[in-house]
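Colleague: Build the complex from these two chains, which are given one at a time in their own frames, with help from the hints.
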Amino acid sequence: MREVAIVGAAETRFGKSELSYRELAVEAARGALEDAGAEPGQVEALFLGSYSPGTFVHQEHVAPLIASELGLSHIPSTRVENACASGATAFVSGMMAIAAGLYDVVLVVGAEKMTSTPVAETTRILAEAADWENESKVGLTFPGAFALMAQAYLHKYGYGREILDAVAIKNHANALANPYAQFHKAITAEDIANSPMVADPLTLYDCSPISDGAAAILLVAGDAARNFAKPAVRVLGFGQASDSLALYRRPDLTTLPAARQAAQRAYRMAGVSPRDISLAEVHDCFTIAEIIATEDLGFFEPGEGGEAARAGATSRDGQIPVNPSGGLKAKGHPVGATGVGQLVEATFQLRGEAGGRQIDGVELALTHNVGGSGATCVVTILGRAA
Amino acid sequence: MSEYKKPLPKPDPITAPFWESVKAHAMKIQRCNDTGKFFFYPRGLSPFTLSDNVSWEPVSGRGVVHAFTIVYQNRDPAFAEEVPYVVAIVELEEGARLMSTLVDVEPDPEHVRIGMPVEVVYDDVTEEITLPHFRPVRAD
Numbered sequence: 001m002r003e004v005a006i007v008g009a010a011e012t013r014f015g016k017s018e019l020s021y022r023e024l025a026v027e028a029a030r031g032a033l034e035d036a037g038a039e040p041g042q043v044e045a046l047f048l049g050s051y052s053p054g055t056f057v058h059q060e061h062v063a064p065l066i067a068s069e070l071g072l073s074h075i076p077s078t079r080v081e082n083a084c085a086s087g088a089t090a091f092v093s094g095m096m097a098i099a100a101g102l103y104d105v106v107l108v109v110g111a112e113k114m115t116s117t118p119v120a121e122t123t124r125i126l127a128e129a130a131d132w133e134n135e136s137k138v139g140l141t142f143p144g145a146f147a148l149m150a151q152a153y154l155h156k157y158g159y160g161r162e163i164l165d166a167v168a169i170k171n172h173a174n175a176l177a178n179p180y181a182q183f184h185k186a187i188t189a190e191d192i193a194n195s196p197m198v199a200d201p202l203t204l205y206d207c208s209p210i211s212d213g214a215a216a217i218l219l220v221a222g223d224a225a226r227n228f229a230k231p232a233v234r235v236l237g238f239g240q241a242s243d244s245l246a247l248y249r250r251p252d253l254t255t256l257p258a259a260r261q262a263a264q265r266a267y268r269m270a271g272v273s274p275r276d277i278s279l280a281e282v283h284d285c286f287t288i289a290e291i292i293a294t295e296d297l298g299f300f301e302p303g304e305g306g307e308a309a310r311a312g313a314t315s316r317d318g319q320i321p322v323n324p325s326g327g328l329k330a331k332g333h334p335v336g337a338t339g340v341g342q343l344v345e346a347t348f349q350l351r352g353e354a355g356g357r358q359i360d361g362v363e364l365a366l367t368h369n370v371g372g373s374g375a376t377c378v379v380t381i382l383g384r385a386a
Numbered sequence: 001m002s003e004y005k006k007p008l009p010k011p012d013p014i015t016a017p018f019w020e021s022v023k024a025h026a027m028k029i030q031r032c033n034d035t036g037k038f039f040f041y042p043r044g045l046s047p048f049t050l051s052d053n054v055s056w057e058p059v060s061g062r063g064v065v066h067a068f069t070i071v072y073q074n075r076d077p078a079f080a081e082e083v084p085y086v087v088a089i090v091e092l093e094e095g096a097r098l099m100s101t102l103v104d105v106e107p108d109p110e111h112v113r114i115g116m117p118v119e120v121v122y123d124d125v126t127e128e129i130t131l132p133h134f135r136p137v138r139a140d
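Taken in sequence, the protein lines are chains A and B.
Under UniProt numbering, the first residue of the first sequence carries the number 1, and numbering increases by one thereafter.
Under UniProt numbering, the first residue of the second sequence carries the number 1, and numbering increases by one thereafter.
Chain B extracted, bound-state conformation (with noise of 0.2 Å):
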């Protein structure tokens, strides 16, 4: 495995369980109890109720683009040699959001709409670390 030069995760108590999820390929994130909603990032109070009841729960790794856009330019020397690269808000079935990254596309608006159906990819980028991207859904 190459040396991987862009920022990592520093897992820590709270947030270790969803490092985990992702590093067995089985992504978890937290629901609030009280209301039944997913959220993500993670956090120890659920962000509708501030009530600790919150759990880990699978989730499907599957979701659509929310908004998307193609960078063409990061001066982060650990990104620069990346772009154009595109980032995309991921809407998951589940209703939570997070910022990711789209991979196996075309970074060009021709090929990434707003809507579009995707998945998440496990990119196991250390020993430790994986970090989840998302790819179109294929059609077959």
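Looking at chain A on its own, in the form it has when it is part of the complex (with noise of 0.2 Å):
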């Protein structure tokens, strides 16, 4: 297999955007181009992860619309969709396609565009992400399934609301030095405290917000990297894995059984162990999802996430940086764009170009994006070029 590299990166700021979903994408798409140094007639192929355009802005048949706007209109492109986790799986399959040597430069593009259209219609399209017929039919919202993962480990753990709490306040601190992030607000337990019931425990500060936004990076063969102007980002590993839709098939609601296997698999192929990983960009749709993460990936044992958090063993000076972006949390949500986005922001700390958020000594770091309740989980390892 072909190694493979990351050469170029850009994002727009997450939020609500007076911009398109198309005029998103090609300032992400542009963005990355410009950034690797590279021309758009050097691109062989187009992955463009997007979770639901038809619902949200009208528009199917994505991948051929970007592609010919950024005048790339007689190469391959394709859409990838798997709920949250589509900007990693379309990652994916431009890994794959370089990997087995079919193209040598491939961009990756996710990107979303989910205010347009009323709160109400923006739930439901995001409930159709969990199992419409037996879950979303039944009442229950997309909080409502992390909720019901909120009271499984809180009860089994013997755990209260406080390392919730400690999960949104840290990453919306760390959102302060995000210039890409959909807020720049400091956050207190009261606050919290405050914050209107979504699902109990689930406050509002325990959710992702609802966000516009695109990211996008330019992926290359290894031994073709030298010839862009950044220094390569190398992919070590990767991950993908499975599960059940349906929530109530898991056997146990404190772990995402397809988070364990994609991590697995991840190190695997990198040849590293949690240990050895500098920082993670985790998906922190709801503040569990990122306690449940940590353990999932191995840096803590079941049970040891949630005092973990608490403790600041996640924080950016702890044994674990874990979301130093702001996460899905704070930097926003924009849901196709998501996993490309935490490539990127990978990205810039490997390059050590993360300005104020920056990480001193990043020699590895990790991505976790996640579909749905757990449906789909892709877990990334990038390294700095050797």
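Just so you know, these hints were derived from the structure itself, not from any lab.
Don't take each hint at face value.
30 Å max Cα-Cα, derived DSS-like pairs, lysine-lysine [unchecked claim]:
| hint | chain 1 | residue 1 | chain 2 | residue 2 |
| --- | --- | --- | --- | --- |
| 1 | B | Lys28 | A | Lys137 |
| 2 | B | Lys5 | B | Lys37 |
| 3 | A | Lys137 | B | Lys10 |
| 4 | B | Lys10 | B | Lys23 |
| 5 | A | Lys137 | B | Lys23 |
Given the structure is predicted, the values throughout are model-derived calculations rather than measurements.
Modeller: Next up, the structure:
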């Protein structure tokens, strides 16, 4: 299998944007090409991660749309959909195509425009990432699915909601230094206590926001990486796994088995272990999801992720910095863009370009992107150029 | 019967026996005859063996709350007027789980707990469709 590297990375600011779906995607894609010092004519294929443009902005068939906007009209272009893991799954498609030797230069874009639809419609569209027939029709909302996990986790390990508070407070604080983040607002436990309950025990401040945004990376074959402007970030390993859409069919609600499988595959491929990782960008669509992720990724034993969050082990200067970008919680969550945005952030960190959120001495960065309530999980491990 | 606004199931040849059983207020779910294990939702093949050696069996309708949440916000207009309501994963005595709502209980975490015994109640929402909900088992 051929080595694959990231030579270009860019993203729009996440949040409510005046730009359209296609304008956001083009801004990120052009940014990634410029970052790499690449010409559009060098791109041999496009993979676009997007969850539901057909319902959000009434536009399907978006891959050739974006390809043609970028002047890439005659290359193969393909949309990839795996709910909130659409972005990372698009990356996996590009990765496999280069590793297999089909192409040397692939553009991967993630994009979503979620604020054009009324909030009621947006939340219904998101609920369609769960098992519609067997969960959503009963009245289970998307926050409700993660609330079930939170109830199970707090009950099993005897925690109170202060562990959830710790995640929200940390990620809002981290986002203060991220110019791409939706929120630049520090929060306190008091703010959380005064915020409305969404699905017990999750309050408004436990939930990631509704966002617009796009992100893009330029992937190239390892031996072609030296032809581009920026130092190459190496893709050392990735893993993808699936599970039932219906949460209730999972034996244990306090772990995402697909995340564990994806992580094991990524660690094995990279030949590294959790203690080697310098920082992680994880899928904190809800605060509980970050705590479970830190256990599924092997940073902490089952049940210890809550205490680790409370004790600051996942803060910028902790044992394993988690979501120095602010995460989905505060950076924002334009669903199709999220997984690509995590790779963009990891690339900035590995190049030492993360500005006020830069972590010292980053050697290995891990990303963790989840679709639905864990039916798709993609874990990727990136390293600095050799 | 007032007009029912929430989304309704559309029984098909594979799922119809379940909906017929709850309409008759005598729930049946499927069992994999290769493993003896019950499963839900209705399917043509066993999720354990992918065999079609499955049969419909009556179940007690009793179980326990495996996990629950109280939904305070659901912007779907069909549910918006119901909040707060309790959604729970119920584990039936026979071992299968399903997602359902709890009724006849305060939507308050002081009144719902993991492990709480519950039993099915049948809600005849239209002429054709009955939905299974669950309620706490009374002490008496």
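Colleague: Look at each hint and say if it fits the structure.
Modeller: Outcome of the hint check:
Proposed proximity of Lys28 of chain B and Lys137 of chain A is supported: the alpha carbons are some 20 Å apart, at most 30 Å. Note on Lys5 of chain B and Lys37 of chain B: the hinted pairing is violated, with a Cα-Cα distance of about 35 Å set against a maximum of 30 Å. Taking the CA atoms of Lys137 of chain A and Lys10 of chain B, the gap is near 11 Å; set against the 30 Å cutoff, the hint holds. For the suggested pair Lys10 of chain B and Lys23 of chain B, the alpha carbons sit about 13 Å apart, so the restraint of at most 30 Å is met.
Under the criterion of a C-alpha separation no larger than 30 Å, the hint pairing Lys137 of chain A with Lys23 of chain B is consistent with the structure, at around 18 Å.
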